[in-house]
Amino acid sequence: MHDHRQRFEALALPHLDAAYNLARWLSRSPADADDIVQDAMLRAFAAFGQFRGEHIRPWLLAIVRNCWRNRVDEVRRRGHAPLPEEGEGALVSDRPDPETEAAAASDGRRLDKLLAALPEDYRTVLILREMEDLSYREIAEVTGVPIGTVMSRLARARALLKSHWMAEDAHVVR
Amino acid sequence: MSCAESLRTQAFIDGEIDGAEAESIERHIESCPECQAVCADAALVSDAMRAEASRYAAPESLRRRVQAALALDKGYDPARAIRLPRVERGFWSGLFSGAGVTALAAGVAGLMLLPPSAATLADAVVQAHTDALMRGREITVVSTDHHTVKPWFAGRIALSPPVVDFAAEGFKLVGGRLDKAAGAPAAVVVYRHGGHAIDLFVWADRGAALPAAAVSHGYRSIFWKRRDLDFAAVSDTSEPELAKFVQLVQAEPE
Numbered sequence: 001m002h003d004h005r006q007r008f009e010a011l012a013l014p015h016l017d018a019a020y021n022l023a024r025w026l027s028r029s030p031a032d033a034d035d036i037v038q039d040a041m042l043r044a045f046a047a048f049g050q051f052r053g054e055h056i057r058p059w060l061l062a063i064v065r066n067c068w069r070n071r072v073d074e075v076r077r078r079g080h081a082p083l084p085e086e087g088e089g090a091l092v093s094d095r096p097d098p099e100t101e102a103a104a105a106s107d108g109r110r111l112d113k114l115l116a117a118l119p120e121d122y123r124t125v126l127i128l129r130e131m132e133d134l135s136y137r138e139i140a141e142v143t144g145v146p147i148g149t150v151m152s153r154l155a156r157a158r159a160l161l162k163s164h165w166m167a168e169d170a171h172v173v174r
Numbered sequence: 001m002s003c004a005e006s007l008r009t010q011a012f013i014d015g016e017i018d019g020a021e022a023e024s025i026e027r028h029i030e031s032c033p034e035c036q037a038v039c040a041d042a043a044l045v046s047d048a049m050r051a052e053a054s055r056y057a058a059p060e061s062l063r064r065r066v067q068a069a070l071a072l073d074k075g076y077d078p079a080r081a082i083r084l085p086r087v088e089r090g091f092w093s094g095l096f097s098g099a100g101v102t103a104l105a106a107g108v109a110g111l112m113l114l115p116p117s118a119a120t121l122a123d124a125v126v127q128a129h130t131d132a133l134m135r136g137r138e139i140t141v142v143s144t145d146h147h148t149v150k151p152w153f154a155g156r157i158a159l160s161p162p163v164v165d166f167a168a169e170g171f172k173l174v175g176g177r178l179d180k181a182a183g184a185p186a187a188v189v190v191y192r193h194g195g196h197a198i199d200l201f202v203w204a205d206r207g208a209a210l211p212a213a214a215v216s217h218g219y220r221s222i223f224w225k226r227r228d229l230d231f232a233a234v235s236d237t238s239e240p241e242l243a244k245f246v247q248l249v250q251a252e253p254e
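Sequences listed follow chains P and G, in order. So in the working numbering, spot 99 of the first sequence is number 99, and the numbers just go up one at a time. So in the working numbering, spot 19 of the second sequence is number 19, and the numbers just go up one at a time.
Take these hints with a grain of salt, some might be off.
[As the list claims (entries may be wrong)] Interface residues of chain P toward chain G, partial, derived using beta-carbon atoms under 8 Å:
id	residue
1	L11
2	M41
3	Y122
4	M131
5	S135
6	E138
7	A155
[What the hints assert, rightly or not] Sample of chain G residues lacking proximity to chain P, with all beta carbon distances greater than 10 Å (derived):
id	residue
8	S24
9	L44
10	E52
11	A53
[Claimed, not checked] To spell it out: a stretch of chain P is covered by chain G in this simulated footprint if at least three of its residues, at any positions, have a beta carbon under 8 Å from a beta carbon of chain G; those stretches are:
id	region
12	3-10
13	55-69
14	110-121
15	157-169
What the hints contain is simulated information worked out from the structure, not anything from laboratory work. Ideal Cβ positions, reconstructed from N, Cα and C, are used throughout, including at glycine.
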């Protein structure tokens, strides 16, 4: 049993940053990302006996995404107010508050803000492709959709992010 | 986008296509303005995200928490408290400016400047080579795989440089970058030969005269043309070695 855990830790822990980054971008909250990743690692360990794939990273990230999904569903079932996810663009209103506007002076924050405001499907595919360098097949595994859907989502996500970026460029005074 | 090949073009950019299919899609991109725009947009978004978006690292406290939880291994408890995510503001860390990205887009659109004379051209490519080396910027896309390096250029410059690894002959492909040569945007394919860096500059021919070979500040450069492209190989390696490299590049079929 001890060996089993060591083997899991040796394979899975190197991907903790990738797991956390995805959880953070899905939940857009550091505290929730912590909880999601811990849940996901325990679930992954419990399921490790059935892990047959050769690439552990997409397998782990799929579990992270499921854990996030479960939390969203749980919150909804309990009748809480909808997550920011539900009102797409909850983070970015038509009229940004002064703090956000000030933050927009920095391009890093500006891009982060635009990314965070993308619908989840598009945000996830960009995070997995551009930050985690996953292949189309691996992204399909994490998100549970066919490769063709990954391709069209990626195209749409890039077009959306670019047009939002350009639209902001036209307004932000540097 | 309405071109039926746009998703295949995107797949090429993302390194998902190789071999004969990659060659056929590359030929298509050359003749399709829409797919050229797909390449440019994908490159813009990719560069912006890699340079400016936050990739969050797991906090050390989380790493310890996970390890402690695994060691206890009490199994998964679904009855964990669910908290509402808070909308976070002000924790994002910006790093770079978007100016580079905009400049890239301008580069793709094509800069038309007057070509310099042959003599100043030799100095200019050596200058570009040493500048890049000194600033540690000689490689933007780090890869020994031409399936990664070649598509990287596709969205960033309106020409398709030959990208071949000659590791077996002692000239190892290590990556690529964008630079300038003869006042025009140039693709630079970077090689390693022993302790020496070799830059292969490739830019669109505009009828300018090229020097055959030159030595400038201890760096050698060899120039040649092939169809509508101009080439320069630049390095501080020995003359016979650089000539051997040039022969390898020239012997590659188009």
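Hint-by-hint comparison with the structure:
1. L11: 12 Å, violated
2. M41: 5 Å, holds
3. Y122: 11 Å, violated
4. M131: This interface hint holds because 5 Å falls under the 8 Å limit.
5. S135: With a closest approach of 7 Å, the P/S135 hint holds.
6. E138: Violated. Min distance 11 Å.
7. A155: 6 Å, holds
8. S24: The claim holds: G/S24 sits with its nearest Cβ about 18 Å from chain P, beyond 10 Å.
9. L44: Non-interface label on G/L44 violated, nearest chain P Cβ at 6 Å vs cutoff 10 Å.
10. E52: 5 Å, violated
11. A53: It is violated; G/A53 is separated from chain P by about 5 Å at its closest Cβ, not greater than 10 Å.
12. 3-10: holds (count 3)
13. 55-69: With 0 residues close enough to chain G, the hint is violated.
14. 110-121: That given contact holds, which follows from 5 residues of the region 110-121 of chain P lying within Cβ reach (below 8 Å) of chain G.
15. 157-169: Per the Cβ count (6), the hint holds.
Of the numbered hints given earlier, the model fails hints 1, 3, 6, 9, 10, 11, 13; all others are met.
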